[in-house]
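First to last, the sequence lines map onto chains Y and B.
By this note's numbering, the letter at position 42 of the first sequence is numbered 42, and the numbering carries on one by one without gaps.
By this note's numbering, the letter at position 242 of the second sequence is numbered 242, and the numbering carries on one by one without gaps.
Check each hint, because a few of them may be wrong.
Unchecked claim - Calculated Cβ distances over 12 Å to all of chain Y for the following chain B residues: (1) Lys17; (2) Ala99; (3) Phe146; (4) Asn225; (5) Ser281; (6) Glu305; (7) His371; (8) Ile395.
Claimed, not checked - For lysine-lysine, the following DSSO-like pairs were computed, each having C-alpha atoms within a straight-line distance of at most 27 Å: (9) Y:Lys87 to B:Lys198; (10) B:Lys35 to Y:Lys74; (11) B:Lys261 to B:Lys169; (12) Y:Lys35 to B:Lys261; (13) Y:Lys362 to B:Lys261; (14) B:Lys35 to B:Lys362; (15) Y:Lys268 to Y:Lys35; (16) B:Lys325 to Y:Lys362; (17) B:Lys268 to B:Lys325; (18) B:Lys87 to Y:Lys362; (19) Y:Lys169 to Y:Lys87; (20) Y:Lys74 to Y:Lys268; (21) B:Lys169 to B:Lys87; (22) Y:Lys74 to B:Lys169; (23) Y:Lys87 to Y:Lys17; (24) Y:Lys268 to B:Lys87; (25) Y:Lys261 to B:Lys17; (26) Y:Lys74 to B:Lys74; (27) B:Lys268 to B:Lys74; (28) B:Lys17 to Y:Lys268; (29) Y:Lys268 to B:Lys35; (30) Y:Lys35 to B:Lys74; (31) B:Lys268 to Y:Lys17; (32) Y:Lys35 to B:Lys268; (33) Y:Lys17 to B:Lys362; (34) Y:Lys169 to Y:Lys198; (35) B:Lys198 to B:Lys325; (36) Y:Lys17 to B:Lys35; (37) Y:Lys268 to Y:Lys198; (38) Y:Lys17 to B:Lys169; (39) B:Lys87 to Y:Lys74; (40) Y:Lys87 to B:Lys74.
Simulated from the structure, these hints should not be mistaken for lab results.
In this text, a Cβ means the ideal position worked out from N, Cα and C, and glycines have one as well.
There are 2 protein chains.
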Amino acid sequence: MIQSFLVSANMSDRLAKRTERISPFYVMELLRRAKQLETDDRDVIHMEIGEPDFPTPQLIIDAGIEHIQTGNVKYTAAAGLPELREKIAGFYRQRYGIAVSAERIFVTPGASGAFLLALGISVNPGEQLLLTDPCYPCNSNFIRLFDGEAGLIPVDAATGYQLTAELIKQHWTPATKGAVIASPSNPAGTLIDREVLKQTIAAVNALDGCFYSDEIYHGLVYGGNACSAIEFSDNVFVINSFSKYFGMTGWRIGWLIVPDKFVEAAEKLAQNIFIATSTHSQYAALAAFDQRTLAELELRRAEFEARRNFLYENLLRLGFDIPVKPDGAFYMYANCSGFTDDSYQFAMDFLETEAVAITPGKDFGVNDASHYIRFAYTTSIDRIALAMQRLERFINKG
Amino acid sequence: MIQSFLVSANMSDRLAKRTERISPFYVMELLRRAKQLETDDRDVIHMEIGEPDFPTPQLIIDAGIEHIQTGNVKYTAAAGLPELREKIAGFYRQRYGIAVSAERIFVTPGASGAFLLALGISVNPGEQLLLTDPCYPCNSNFIRLFDGEAGLIPVDAATGYQLTAELIKQHWTPATKGAVIASPSNPAGTLIDREVLKQTIAAVNALDGCFYSDEIYHGLVYGGNACSAIEFSDNVFVINSFSKYFGMTGWRIGWLIVPDKFVEAAEKLAQNIFIATSTHSQYAALAAFDQRTLAELELRRAEFEARRNFLYENLLRLGFDIPVKPDGAFYMYANCSGFTDDSYQFAMDFLETEAVAITPGKDFGVNDASHYIRFAYTTSIDRIALAMQRLERFINKG
Numbered sequence: 001m002i003q004s005f006l007v008s009a010n011m012s013d014r015l016a017k018r019t020e021r022i023s024p025f026y027v028m029e030l031l032r033r034a035k036q037l038e039t040d041d042r043d044v045i046h047m048e049i050g051e052p053d054f055p056t057p058q059l060i061i062d063a064g065i066e067h068i069q070t071g072n073v074k075y076t077a078a079a080g081l082p083e084l085r086e087k088i089a090g091f092y093r094q095r096y097g098i099a100v101s102a103e104r105i106f107v108t109p110g111a112s113g114a115f116l117l118a119l120g121i122s123v124n125p126g127e128q129l130l131l132t133d134p135c136y137p138c139n140s141n142f143i144r145l146f147d148g149e150a151g152l153i154p155v156d157a158a159t160g161y162q163l164t165a166e167l168i169k170q171h172w173t174p175a176t177k178g179a180v181i182a183s184p185s186n187p188a189g190t191l192i193d194r195e196v197l198k199q200t201i202a203a204v205n206a207l208d209g210c211f212y213s214d215e216i217y218h219g220l221v222y223g224g225n226a227c228s229a230i231e232f233s234d235n236v237f238v239i240n241s242f243s244k245y246f247g248m249t250g251w252r253i254g255w256l257i258v259p260d261k262f263v264e265a266a267e268k269l270a271q272n273i274f275i276a277t278s279t280h281s282q283y284a285a286l287a288a289f290d291q292r293t294l295a296e297l298e299l300r301r302a303e304f305e306a307r308r309n310f311l312y313e314n315l316l317r318l319g320f321d322i323p324v325k326p327d328g329a330f331y332m333y334a335n336c337s338g339f340t341d342d343s344y345q346f347a348m349d350f351l352e353t354e355a356v357a358i359t360p361g362k363d364f365g366v367n368d369a370s371h372y373i374r375f376a377y378t379t380s381i382d383r384i385a386l387a388m389q390r391l392e393r394f395i396n397k398g
Numbered sequence: 001m002i003q004s005f006l007v008s009a010n011m012s013d014r015l016a017k018r019t020e021r022i023s024p025f026y027v028m029e030l031l032r033r034a035k036q037l038e039t040d041d042r043d044v045i046h047m048e049i050g051e052p053d054f055p056t057p058q059l060i061i062d063a064g065i066e067h068i069q070t071g072n073v074k075y076t077a078a079a080g081l082p083e084l085r086e087k088i089a090g091f092y093r094q095r096y097g098i099a100v101s102a103e104r105i106f107v108t109p110g111a112s113g114a115f116l117l118a119l120g121i122s123v124n125p126g127e128q129l130l131l132t133d134p135c136y137p138c139n140s141n142f143i144r145l146f147d148g149e150a151g152l153i154p155v156d157a158a159t160g161y162q163l164t165a166e167l168i169k170q171h172w173t174p175a176t177k178g179a180v181i182a183s184p185s186n187p188a189g190t191l192i193d194r195e196v197l198k199q200t201i202a203a204v205n206a207l208d209g210c211f212y213s214d215e216i217y218h219g220l221v222y223g224g225n226a227c228s229a230i231e232f233s234d235n236v237f238v239i240n241s242f243s244k245y246f247g248m249t250g251w252r253i254g255w256l257i258v259p260d261k262f263v264e265a266a267e268k269l270a271q272n273i274f275i276a277t278s279t280h281s282q283y284a285a286l287a288a289f290d291q292r293t294l295a296e297l298e299l300r301r302a303e304f305e306a307r308r309n310f311l312y313e314n315l316l317r318l319g320f321d322i323p324v325k326p327d328g329a330f331y332m333y334a335n336c337s338g339f340t341d342d343s344y345q346f347a348m349d350f351l352e353t354e355a356v357a358i359t360p361g362k363d364f365g366v367n368d369a370s371h372y373i374r375f376a377y378t379t380s381i382d383r384i385a386l387a388m389q390r391l392e393r394f395i396n397k398g
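Hey, can you work out the whole structure from these sequences and the hints?
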């Protein structure tokens, strides 16, 4: 039957409601302006980008090309190449001393695909997951994609920008389905303490919730140790990626570890929503765990550490406050309240006058976001030094 | 606060409800058995696979490799490389005589990503989309992924296995949000008639619904013309892919055209759920529209047409009924009620005794599915001929 009352609606009403709740990236506006400036021959220094500036390691490139040259770039199994899943399992044995069955490992189109799969099989509309504020915006937006609620818990230096068992118990409601942590975190670059992670997982398990651990910056750690959630429980989702540490951003390949009871559902959903991850990316990733690749990545890690130290010292010298010295990823979340109460405007003005792009705090939440900016050290020390000169000039002018 | 009543639930209750509504692929069971047979040195003929047996065209391979060799496999813009979006727009100008703005074209991780994006921005929980039964199961499952309802309309030879304006008006309810068509269709391989498509779109627009046109088999057409929904309205979603016609299955790259009013939401969602499509696949696809590639694809099309004719004649000769001679894709949906009332068992037995894999009807819906099997002609005529010999022996034994 035709419902005439529907005919009066217009196309904009046809948008799914979730689209209103999914936030855009404010940094995109800044990027558009940066591009215009570059068109005008301004030398823009990019410190907004969450992507390593190093090329993909050569062995990975070679393995990818070797596969493509066969011409046989066909679908793989939905969960990924069996030999890649085995290699990832081997990586957990070797690096974390943990046995994870390859059956629980799903190769996905980036960590994006891993989140999509993990939340698709576990979050119902109206259910809530707890996360930190600040956090990487996509993590909340994936929850909203499935019409769930992002329960943002304000965190700060007191907990190293991480959740704790106490915070989880305190914020748990009947609608809460689980909690998401990220270590190293984005934007703060902080690690969750081993004991805190253990207790946090225990708290979520005691509440019969789902625990999601975003470990995409593992490997890029400059102090302390990054523990995997899988060290403490089999009852967790682990999201990881070849993008950051392994330098494979554009290849779009990551992985997800699911609890045993979710394997069947993950298999079914992966078949339906991905068919499979890019085949050549999977063959390329087979070379990611080669000792020669890992040795090269270790040199890059050292370079990131040097940049971190350099940037940290300079930002402190210029009067920024960095409540926790970051131990991982390639980000620094700096308090700029000595200079402004509007970090977005600060970022826009800094770009306009000095041609340095940084990310405003409001891309990561609402918790004191107007006093924070994120610097990414995904460019060389020389470029960071130049950015610091420009920053010094900018704040002295201001 | 801790809700003790939650603690009693166990992990399997933690599965999202949608996972129960998303059907597995029954053919997977068959594939597992086929693999076992192959391990035992049986020569399995694969006629279940929805993937061209041709390699990726050489120019596409070369373009992909050329990009990878730069080492610079970085994220692209979320909507895709601007030059690729322009090339796709150019393809619509050239092949369909239609001007589509590149801003409305989103490059996606396969048609899977295109469906994900299209339904993510347009389907709310509880809303229904109309589709044919039989249809490709993922199309219904994407609706269920967003907690919508797949409103399956039984179709048969009378409408060429396609929806019509009449069927849509007849099945429209207050919960209906739109309709999905696929032409060439899967499993029937039928084309929607030009005039019927036009009227169908008009009917959906009059109901202020969303119209989704799955055009992933365009190019693989052996009679008649495949029209694009975009020829009749700007108010449609068009899903397409480089997988089938362009021979790029494992590269996981497709595209989506959205109505103007959905562009902003699509941009936002693509950023969040994909970041971007694989960069090397995008660079490779730049060579897909090269005249030399298209000439090669035309030869392949002719080969598929010869296979279609050969398979069609043989199946009729053996006593199968094919209600509509398929005009596209690489599938034949054959009525096997002369031999069985259980096409799944028929397929399993045929595999077991004669080592030929075909897909049972129940993978495509419930509408008389037990009397149908799908043959994919994604293997050479020699192999199809051998499969027909085995089929003849099998039904004569039965």
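Now the hints, each set against the structure:
1. Separation of lysine 17 (chain B) from chain Y is inadequate, the least Cβ-Cβ distance of about 6 Å not exceeding the 12 Å criterion.
2. Against the 12 Å criterion, alanine 99 (chain B) stays outside the reach of chain Y, whose nearest CB is about 20 Å from its own CB.
3. Residue placement check: phenylalanine 146 (chain B) does not keep its beta carbon more than 12 Å from all beta carbons of chain Y (closest about 7 Å).
4. The Cβ of asparagine 225 (chain B) lies farther than 12 Å from every Cβ of chain Y, with a closest approach of about 28 Å, so its non-interface assignment holds.
5. Some Cβ of chain Y comes within 12 Å of the Cβ of serine 281 (chain B); the nearest lies about 6 Å off, and the non-interface call is violated.
6. Residue placement check: glutamate 305 (chain B) keeps its beta carbon more than 12 Å from all beta carbons of chain Y (closest about 22 Å).
7. Consistency note on histidine 371 (chain B): stated as away from chain Y, and its beta-carbon is indeed over 12 Å from all of that chain's, at 25 Å minimum.
8. Residue-level check passed: isoleucine 395 (chain B) sits 31 Å from the nearest beta carbon of chain Y, beyond 12 Å.
9. Straight-line distance between C-alpha atoms of lysine 87 (chain Y) and lysine 198 (chain B) comes to about 52 Å, which puts the hinted pair past the 27 Å bound.
10. Pair hint lysine 35 (chain B) plus lysine 74 (chain Y) holds up; C-alpha atoms about 17 Å apart against a cutoff of 27 Å.
11. For the hint linking lysine 261 (chain B) to lysine 169 (chain B), the alpha-carbon distance of about 25 Å falls within 27 Å, and the restraint holds.
12. At roughly 25 Å between alpha-carbon atoms, lysine 35 (chain Y) and lysine 261 (chain B) fall within 27 Å of each other, so this suggested pair holds.
13. With a C-alpha separation of about 26 Å, the suggested pair lysine 362 (chain Y) and lysine 261 (chain B) falls inside the 27 Å cut-off, and the hint holds.
14. The suggested pairing of lysine 35 (chain B) with lysine 362 (chain B) holds, with an alpha-carbon distance near 21 Å, which does not exceed 27 Å.
15. The suggested pairing of lysine 268 (chain Y) with lysine 35 (chain Y) is violated, with an alpha-carbon distance near 42 Å, which exceeds 27 Å.
16. With a C-alpha separation of about 58 Å, the suggested pairing of lysine 325 (chain B) with lysine 362 (chain Y) is violated against the 27 Å cut-off.
17. Between lysine 268 (chain B) and lysine 325 (chain B) the alpha-carbon distance is near 42 Å, which puts this suggested pair outside the 27 Å criterion.
18. Our distance criterion of 27 Å between C-alpha atoms is broken by lysine 87 (chain B) and lysine 362 (chain Y), whose separation comes to about 36 Å.
19. At most 27 Å may separate the alpha-carbon atoms for a hinted pair to count; lysine 169 (chain Y) and lysine 87 (chain Y) exceed this at roughly 37 Å.
20. The straight-line distance between the Cα atoms of lysine 74 (chain Y) and lysine 268 (chain Y) is roughly 19 Å, inside the 27 Å bound, and the hint therefore holds.
21. Between the alpha carbons of lysine 169 (chain B) and lysine 87 (chain B) the distance comes to roughly 37 Å, so the proposed pair goes past 27 Å and is violated.
22. For the proposed pair lysine 74 (chain Y) and lysine 169 (chain B), the alpha carbon gap of about 40 Å is over 27 Å, so the pair is violated.
23. For the suggested pair lysine 87 (chain Y) and lysine 17 (chain Y), the alpha carbons sit about 41 Å apart, so the restraint of at most 27 Å is broken.
24. For the hint pairing lysine 268 (chain Y) with lysine 87 (chain B), the CA-to-CA distance comes to about 34 Å; that exceeds 27 Å, so the pair is violated.
25. For the proposed pair lysine 261 (chain Y) and lysine 17 (chain B), the alpha carbon gap of about 14 Å is at most 27 Å, so the pair holds.
26. A threshold of 27 Å between alpha carbons decides the hint, and for lysine 74 (chain Y) with lysine 74 (chain B) the separation of about 23 Å falls inside it, so the pair holds.
27. The suggested pairing of lysine 268 (chain B) with lysine 74 (chain B) holds, with an alpha-carbon distance near 19 Å, which does not exceed 27 Å.
28. Of the supplied pair hints, the one linking lysine 17 (chain B) and lysine 268 (chain Y) holds, its CA atoms being roughly 13 Å apart against a limit of 27 Å.
29. This hinted pair checks out: lysine 268 (chain Y) and lysine 35 (chain B) have alpha carbons roughly 19 Å apart, not beyond 27 Å.
30. Restraint check for lysine 35 (chain Y) and lysine 74 (chain B): satisfied, since their Cα atoms lie roughly 17 Å apart, inside the 27 Å limit.
31. Distance hint between lysine 268 (chain B) and lysine 17 (chain Y) is fulfilled; the C-alpha atoms sit about 13 Å from each other, no more than 27 Å.
32. With a C-alpha separation of about 19 Å, the suggested pair lysine 35 (chain Y) and lysine 268 (chain B) falls inside the 27 Å cut-off, and the hint holds.
33. For the proposed pair lysine 17 (chain Y) and lysine 362 (chain B), the alpha carbon gap of about 33 Å is over 27 Å, so the pair is violated.
34. For the suggested pair lysine 169 (chain Y) and lysine 198 (chain Y), the alpha carbons sit about 14 Å apart, so the restraint of at most 27 Å is met.
35. Simply put, lysine 198 (chain B) and lysine 325 (chain B) have alpha-carbon atoms about 22 Å apart, close enough for the 27 Å limit, and the pair holds.
36. About 44 Å separates the Cα atoms of lysine 17 (chain Y) and lysine 35 (chain B), which puts this hinted pair outside 27 Å; it is violated.
37. For the suggested pair lysine 268 (chain Y) and lysine 198 (chain Y), the alpha carbons sit about 31 Å apart, so the restraint of at most 27 Å is broken.
38. About 25 Å separates the Cα atoms of lysine 17 (chain Y) and lysine 169 (chain B), which keeps this hinted pair within 27 Å; it holds.
39. For a cut-off of 27 Å, the pair hint linking lysine 87 (chain B) to lysine 74 (chain Y) stands: about 24 Å separates their Cα positions.
40. At roughly 24 Å between alpha-carbon atoms, lysine 87 (chain Y) and lysine 74 (chain B) fall within 27 Å of each other, so this suggested pair holds.
This entry does not satisfy hints 1, 3, 5, 9, 15, 16, 17, 18, 19, 21, 22, 23, 24, 33, 36, 37, going by the numbered hints stated previously.
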